[in-house]
Amino acid sequence: MRTGNTTMRAPGALALAAVGVLVLAGCGAGGNNMTLATGSTGGTYYPLGGEIAQLWSDNIDDVNVSTQATGASVENLRLLDNGENELILAINGVAANAANGESDFADEPLANPDDVTLLGNVYPEVLQIVATEDSGIESVADLKGKRVDMGPPGSGTEVAARQLLESQGWDPESDVEAFNSTFEEATTKLSDGQVDAAVAILAVPAASIEQVATGGTDITMVEIAGEEADQLMEDNPSYSTMEIPEGTYQGQDQPVQTLTNWASLYSTSDLDEEVAHDLVQEMYEGADDIGHDVGDQLDAETATESRGPTDLHPGAERYYEEAGVLD
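When we follow the UniProt record's numbering, the leftmost residue of the sequence shown carries the number 1, and every step to the right adds one.
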């Protein structure tokens, strides 16, 4: 069931910030004006977040959601903690690190980690390593000494890439020649031979990887399997195994074993309970209106899987109970 219709969308996040009219959920005569922090423009978060924000703004009375391009998970959690955004997308494993004050949050923990709340999982975030065929890289072990793009600074991809290398007993600062690029930039660097491999946590299929595969560069999808996968899962229990089917990318003639997290939607305990309920309801029940490839992966049945230490927002919890997917 939809909850009404609005026709006006909030202006962009930067414009709002410039005039100082960003308001918290539940405040302001003009309704609930919120900003969703997404990711870099070449990733999945940015276009998908735009569609979800439009879905909310069009179908929930007095709710207007704009989007903001960011460095993704780590940066987004800090933006949420600082009160600069009301809604964010982030990888569940990175959110767990934030809650526990670990990894990227060990030296600079969030001020209020207990205030971060889960609204629901959006789609599986697949850890993908793409290498140029000329590089000779066929396994994680082959990455040592190579030029590896680790993903945008502050992103879940960068966190995962570092975790992967550290799980092999390597130093990410010295055992590879590391680059930190947006997914669009990494695509160009792979195609131009500036890097040998790139790590990405993205939906399958990933547009940036498709672009390399169809742009005249022969690629190899690198497996994360066996002891390499087992060690990473032991170090980081938020990961689970997944297979990228044969033919997902041009030239990929075999299935590829890898690992996955969840891309999840987070807010804080300050978000109005009714607004949180309506956001979650609309996101799952209106998923058919999302044109992005991962729109069909939005499923309330998997909304709370691998939640980790992060509490479920009461408004989201009420929706899941009403939908019969949570006892």
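Hints are computed from structural coordinates only; laboratory data are not their basis. Virtual Cβ for every residue (Gly too), placed ideally from N, Cα, C. Do not take every clue at face value.
Unchecked claim - In silico EDC-like links for lysine to aspartate or glutamate, alpha-carbon gap of 20 Å or less: (1) Lys146 - Asp192; (2) Lys146 - Asp253; (3) Lys189 - Glu133; (4) Lys144 - Glu227; (5) Lys144 - Glu133; (6) Lys144 - Asp175; (7) Lys146 - Glu177; (8) Lys189 - Glu177; (9) Lys144 - Asp107; (10) Lys146 - Glu133; (11) Lys146 - Glu185; (12) Lys189 - Asp142; (13) Lys146 - Asp134; (14) Lys144 - Glu173; (15) Lys146 - Glu166; (16) Lys144 - Glu274; (17) Lys189 - Glu228.
To be verified - Just the calculated beta-carbon pair ranges, DEER-fashion: (18) Gly251 - Asn100: 36 to 42 Å; (19) Asp61 - Gly251: 29 to 35 Å; (20) Glu243 - Asp299: 17 to 23 Å; (21) Lys146 - Ala225: 15 to 21 Å.
Verification of the hints:
The straight-line distance between the Cα atoms of Lys146 and Asp192 is roughly 15 Å, inside the 20 Å bound, and the hint therefore holds. Restraint check: the Cα-Cα separation between Lys146 and Asp253 comes to about 24 Å, which exceeds 20 Å; the hinted pair is violated. Distance hint between Lys189 and Glu133 is fulfilled; the C-alpha atoms sit about 14 Å from each other, no more than 20 Å. Of the supplied pair hints, the one linking Lys144 and Glu227 holds, its CA atoms being roughly 16 Å apart against a limit of 20 Å.
For the proposed pair Lys144 and Glu133, the alpha carbon gap of about 16 Å is at most 20 Å, so the pair holds. For the hint linking Lys144 to Asp175, the alpha-carbon distance of about 6 Å falls within 20 Å, and the restraint holds. Using a Cα cut-off of 20 Å, the hinted pair Lys146 and Glu177 holds, with the two alpha carbons roughly 6 Å apart. Of the supplied pair hints, the one linking Lys189 and Glu177 holds, its CA atoms being roughly 14 Å apart against a limit of 20 Å.
Of the pairs offered as hints, the one joining Lys144 and Asp107 is violated, with about 27 Å between alpha carbons and a cut-off of 20 Å exceeded. At most 20 Å may separate the alpha-carbon atoms for a hinted pair to count; Lys146 and Glu133 meet this at roughly 13 Å. Distance check on the hinted pair: Lys146 and Glu185 sit about 18 Å apart at the alpha-carbon level, within 20 Å; holds. For the hint pairing Lys189 with Asp142, the CA-to-CA distance comes to about 19 Å; that is within 20 Å, so the pair holds.
For the suggested pair Lys146 and Asp134, the alpha carbons sit about 12 Å apart, so the restraint of at most 20 Å is met. Between Lys144 and Glu173 the CA atoms are separated by roughly 11 Å; this keeps the pair inside 20 Å, and the hint holds. Distance restraint check for Lys146 and Glu166: the Cα-Cα separation of roughly 15 Å lies within the 20 Å cut-off, and the hinted pair is therefore satisfied. A distance of roughly 50 Å separates the Cα atoms of Lys144 and Glu274; the hinted pair therefore is violated under the 20 Å criterion.
For the suggested pair Lys189 and Glu228, the alpha carbons sit about 26 Å apart, so the restraint of at most 20 Å is broken. Restraint check, Gly251 to Asn100: a C-beta distance of roughly 40 Å satisfies the suggested window 36 to 42 Å. Our hint of 29 to 35 Å for Asp61 and Gly251 is violated, since their Cβ atoms are close to 48 Å apart. Restraint check, Glu243 to Asp299: a C-beta distance of roughly 19 Å satisfies the suggested window 17 to 23 Å.
At about 19 Å, the beta-carbon gap between Lys146 and Ala225 stays in the expected band of 15 to 21 Å.
Of the numbered hints listed earlier, those contradicted by the structure are 2, 9, 16, 17, 19.
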